[in-house]
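Chemist: For this one, chain Z is given, so just place chain D on it according to the hints.
So the sequence lines, in the order shown, correspond to chains Z and D.
Numbered by my numbering, the letters in the first sequence go through residues 12 to 801 in order.
Numbered by my numbering, the letters in the second sequence go through residues 8 to 442 in order.
I should point out that these hints are in silico values taken from the structure, not numbers from a laboratory.
All values reported here derive from a predicted model rather than from experimental measurement.
Every residue, glycine too, gets a C-beta built ideally from N, C-alpha and C.
Keep in mind that the hints are not guaranteed to be accurate.
Unchecked claim - Label-pair ranges, simulated between beta-carbon atoms:
| hint | chain 1 | residue 1 | chain 2 | residue 2 | range |
| --- | --- | --- | --- | --- | --- |
| 1 | Z | M307 | D | L439 | 28 to 36 Å |
| 2 | Z | V258 | D | L439 | 19 to 27 Å |
| 3 | Z | E645 | D | T152 | 40 to 48 Å |
| 4 | Z | V321 | D | K372 | 38 to 46 Å |
Here is how the chains run, residue by residue.
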Amino acid sequence: MEVSENGKGSSLRFAFGNVLSFFILLLIGVLAFSIRLFSVIKYESVIHEFDPYFNYRVTQFLTKKGIYEFWNWFDDRTWYPLGRVIGGTVYPGLTLTAGSIWWLLNSLNIPLTVETVCVFTAPIFSANAAWATYLLTKEVKGTGAGLAAAALLSMVPSYISRSVAGSYDNEAVAIFALIFTFYLYVKTLNTGSLFYATLNALSYFYMVCSWGGYTFIINLIPMHVLLCIVTGRYSARLYIAYAPLIVLGTLLASLVPVVGFNAVMTSEHFASFLVFIIIHVVAFVYYIKGLLSPKMFKVAVALVLSVGMVVCCAMVAVLVALVASSPTMGWSGRSLSLLDPTYASKYIPIIASVSEHQPPTWPSYFMDINVLAFLVPAGIIACFLPLSDASSFVVLYIVTSVYFSGVMVRLMLVLAPAACILSGIALSEAFDVLTRSVKFQLPGVSGNSQSGAGDTTSTIAVTQSEVVKTEKQPPTDKTEDTVKERTSRKNKKKEKEKEKEHVEKASLKSQMQKRLLVLPLEASIISILLLVLLGAFYVVHCVWAAAEAYSAPSIVLTSYSHDGLHVFDDFREAYAWLSHNTEVDDKVASWWDYGYQTTAMANRTVIVDNNTWNNTHIATVGTAMSSPEKAAWEIFNSLDVKYVLVVFGGLVGYPSDDINKFLWMVRIGGGVFPHIKEPDYLRDGQYRIDSQATSTMLNCLMYKLSYYRFVETDGKGFDKVRGTEIGKKYFKLNYFEEVFTTHHWMVRIYKLKPPKNRIKGKAKKSKSSSKGSMTTSLKRSARRKRNPWH
Amino acid sequence: MAKFLFFITFVSLLPLFGSSFSSENPTDRRILVLLDDFAIKSSHSIFFKTLQTRGFELDFKLADDPKLTLQRYGQYLYDGLIIFSPTIERFGGSLDLAAVLDFVDSGHDLIVAADASASDLIRDIATECGVEFDEDPTAVVIDHTSYAVSETEGDHTLIAGDDFIQSDVILGRKIIETPVLFQGVGHTLNPANNLVLKVLSASPSAYSANPKSKLSTPPSLTGSTISLVSVVQARNNARVLISGSLSLFSNRFLRSGVQKAGSSIKFEKSGNELFVTELSKWIFHERGHLKAVNVRHHKVGESDEPAIYRINDDLEYSVEVYEWSGSSWEPYTADDVQVQFYMMSPYVLKTLSTDGKGRYFTTFKVPDVYGVFQFKVEYQRLGYTSLSLSKQIPVRPFKHNEYERFITTAFPYYGASFSTMAGFFIFTMVYLYNK
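So that you can see chain D by itself, here it is in the shape it has in the complex:
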């Protein structure tokens, strides 16, 4: 009976393999760009061009194009979706809120840019992903201390943000030194939501209100709780970028210089280009995408994987982890990958050592407890895809003939039983033949 079968369950990777892109080539290729009008195509051409030069095929469509559709015959036509149409109330064709969310839930990536005049549809998409825009439709983020200095002393809605997330994975190794220009609506995140990250936060002096009218009530969103740009990495590792400002991506912001209020330094070029380029690399899985393969375990000194372990066996465990570099799988190197030997709680927790070629390995002793265990690797690091591997393996107790045969402490008992036998034999002899 083949009952001691075991199965590898790539809990998180499975949907990736299944639908969005092949595990061998996780970077998106075909991207649908939805626009309010084709003027945006030219006004944001630099951003689009960077994508095209990186090999993406962009398909520009009007958001209310009646032939709009994401999938045909059950197959998605696109790997990614960019919604640069903040005012759209209703998509054309078969696209709607549910279709966009299904697109994400099947592992595809999404960039949504809102604006001060963001429609309910855009807000709904954001809310579904865990990002809450300011409810007041007229409100924009205002900051009277860290605004960008411009020729016309305006209402301080053009913000020079420099409070980035501290993550090489998301924003690239090159530190963005110049502030990023932002003009648009702010949003907040639920602190309990661990899937959403603030990439660009507002400064503590920012608040969200309508700049045209007088503040009658305290603004609902204030300070650094306001997020200007956020990313979501869903449980299936689909990535979503939500920006409160469409002009963040525009040629005008990408090209313009920036001087932060109160600062004497005037940068020739804002940080926007670097920011959006690096962020789009992360969004489209050119960075921070891990895969774990070749989970192996066997007894020390053997090479075949057993169907069952015995308690107190020594075993070796290894797994290979690679990172996608945008064109190839590179070995992933870290010193914090851990394996658990888990049955309702981890009985063994060991940090895996690596050979620098992607292979992670360790040896440990099976605990003195039998049951159905799992090798678990739960690797969740900021910006990386979450690795969650588990492999079931039963552990049995000793067999009846695996215990020690003769134990020293039992010698008195052996002596007792043999002497009793001998005594009984002598007694019988004496009793029977000594009349």
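Just chain Z, with the same shape it has in the complex:
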């Protein structure tokens, strides 16, 4: 939009600049893709973590059976015996995307496996997301800011953590869809084009397909519209940007099976409809205002207001009554826990139990967005100078996403693009000011002295000059914008600086009046250097985060010790064992974290999995794990379970094992089955597994399955995770038998013993056999006492 013909040689400069930005964007894309390949290089090309395995399995199904079978897929291998209607409960965007990529490549005779496509979907889409960020920021503050923001986003650690190669999860494509939808909204807002409005609705549809986080869009955009109306910025462009999105977007959203009627029935969408009504009222009012004389308009307003208020009150009352009649006020649990951060911990332990649903700590902000956290405030200030529709949108975006990230660490991901955009703006503006100062002062000493006298180096002066400069900017001319674009790139490419200075001499004269607003040369140069240094630190941090912190696939673990690298491949060992040594229809019970992996890797039916749709079923498994052996056996047997899988980290010090998750099993189980009480498992409010632990704890199934035979490893039973010796060392299992334990004991698989063939009589036997007979059973039991395992 800046490309307004300004005559002279500037058109050449634009062409040059466009080509340059194109290549820079290309490089940014390459950077975004390649920085996410550390996981493949350091580990291998595998699907990561838990949810991606489910998505992978669904994609496999899609590529094998086709889209209609996928739509109608009833999966009988999870949530036994309830099953799960996958087609109607899954956000299909990611699967369809990867499936299309795979199909396209195969039809081009590029025979990649589905797994490879899935592994690399996230990096590809992070490049897309970087480009979308460029577009969005360009709409807000011009090309320079756009390039800076795109470069920042391509390597922001928060986003890397969700989109490394192998992290095949909804967020991988959803962040792209989110930013692109915002871009199209802002684009429509800026142009008033119905074409972009339609594209926006389509993009919103893609977002709805991809991620439950689409509710963020459908609440943020109405908020922005409301903000525009309240601040008197209503325009036809705003109407074009909003009304088609709601109508088309809602229609399209309700086509996604998982959303369906929720698109009009749940409270998450009410705000958009309310604003939809308001914007129509406002449009009507503006229309009337144009028709009537000011006096007549006042009368009409008084009339309409009095009637309108009554109608509105009645409607609001009905609405409130409707909403209040449902127990959760029409909000889903996850949304409620966003609005009320304490909600989940009070009512829904299953949401609170997930670590990524916890509030983040302060260091995690520094870890995930690094220097952006400091640049964002500057970006916000820059957005207010001057405040446009687009920049107010960005400000609203950052404010809401900061709040949401403060509620759930997982939503840091939504904050990251906003932080990148604003930091890009801040960096771009700062470079703009600083390079201009340098530029005006370098060619002639006269200009230098003049400005040197004008202001001393103080931060107040910086902001003041910035204020004045940006205020003056619109009236001057558009070449200014292109200058800005170029300068922002300097944190990436230095040699460009020189070229630019040649180019800029042409427009130098028109900007002579700005000399008054420049900073001293030395301060400018030092500031530029410092900013470049800041950028360099950011890059170093991002590369480190990508390489070290966020690339671990979590199914393969490594650790360095004095004698070198250790690889813990226990999970795949266990799943391979299951798939090779059990019947196809055998049911495996484990805590729900491992459900997706078991179905995808071992191809065995599971009772519960990471799609936590049925709390009672999960509570049943939690109760079984918290019960003594016999009760647990009965629960599992009633669910036709053959094998029980527990994850145990006590031998190698793997902290996220089942014993550490156990209190959540107790809580979730106790939430449905009240005979499981959390205090029974705690000694004086402390969770412990040593000799001070309660007998309930020491006799529950989870303890027994985790620590069965553990004392054999070191003779003491020292648990490295809990840092203590276990409380009960020698015990035998009566209802379960150990069938497999992986190399590092991280996964242990037990089989339910079949019911006894005979029911023994009462134990009078001991009395009779104590009379000195030498029956073998006595011998056996005597041996057992010495060594309980053999």
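Modeler: Quick look at chain D alone, frame taken from chain Z:
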């Protein structure tokens, strides 16, 4: 992807098929008889002869024979075991308590006869099967009202029992009218144990004590809780007979007449022969052994078995049940065989109708619930082998194109949307071209 496979799990029959005898011929053939001494072979010859005439090969061995073994190279040499050696403290050879129990747990049958002087080993075998003999080793069952009248007015330890279990399957169709002579130790059963059955109970006036000494304390076992002869049908359908009296099987008891005390009728011959013969038929699976085969289900009007049903489908289910008659499989006829359509609880419970040729069938509608269901047949009747069949079958919801396309109640909505479209079109026309 062949993911909708389903498997038949014959939960209870599987071990039978696997080890003890072929499913086609469940009757035992080779039986090992363990004796205290070979005198028992002649003193109990009538019982042994009835077995031999029914086709069993009896292998008599002394219980302390050092070459005693039940299996060789992992294969059992015998299908059944009769332990007529109540005093043995320790078996010879490789046989011991665990071996006997393994023998039973792998689906083989066992007859154990104890006696007043029963050893701990015999008691242990009984206890492992759920039968508890009186702890006092000298105690025998005494009954002062329903003893058998004999020439010498004795101590009333020879009992004429006539309290039989009411089961045609176990004791045969022919009702045993004459009392059965019993002399030996009594035992009790744990009432919670549903695998053990009292075949011959003592009368309410019986008690278990040492007849030679005076009763100083009340006897621990009294009345009809005392069981004289019990049978066990283990979960794998191995059958065990435990008798408190070895002489129950003896020629002397089989041949002697009996007159119950207080009764004027004197029977020429006791009921023992009929009793032990019929009971041994049951023990060695000549009676009461069922098998269920050919589980089929399909939609009404089709014949192929689907991999998955849809909710509200109508389906047919059939299963064939046969009973072993000792030489061939005969159709089993009953009117109480039920099938459950089961997912955590039975959604459908239907009694199967039969055609009298062993085939049981029914039709029903799949409930309006999707999930992974099972066809379950749990048939447990007194004396019969327990049938427990389950077959997994998933039930899916409607596909997106299986719902009704146009519903009458939605006509107003269709009308609304089409009229809005038409109105918008007219409005556009008017707006654009009416200047």
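Chemist: Range hint 28 to 36 Å: satisfied by the CB atoms of M307 (chain Z) and L439 (chain D)?
Modeler: About 30 Å separates the Cβ atoms of M307 (chain Z) and L439 (chain D), which means 28 to 36 Å holds.
Chemist: Quick one: are E645 (chain Z) and T152 (chain D) within 40 to 48 Å, going by C-beta?
Modeler: With Cβ atoms ~45 Å apart, the hint holds.
Chemist: Between the beta carbons of V258 (chain Z) and L439 (chain D), is the distance compatible with 19 to 27 Å?
Modeler: holds (21 Å)
Chemist: A range of 38 to 46 Å was offered for this pair. Does it hold for the Cβ distance of V321 (chain Z) and K372 (chain D)?
Modeler: The hinted range 38 to 46 Å is violated for V321 (chain Z) and K372 (chain D), with Cβ atoms some 54 Å apart.
In summary, the one numbered hint that this structure violates is 4.
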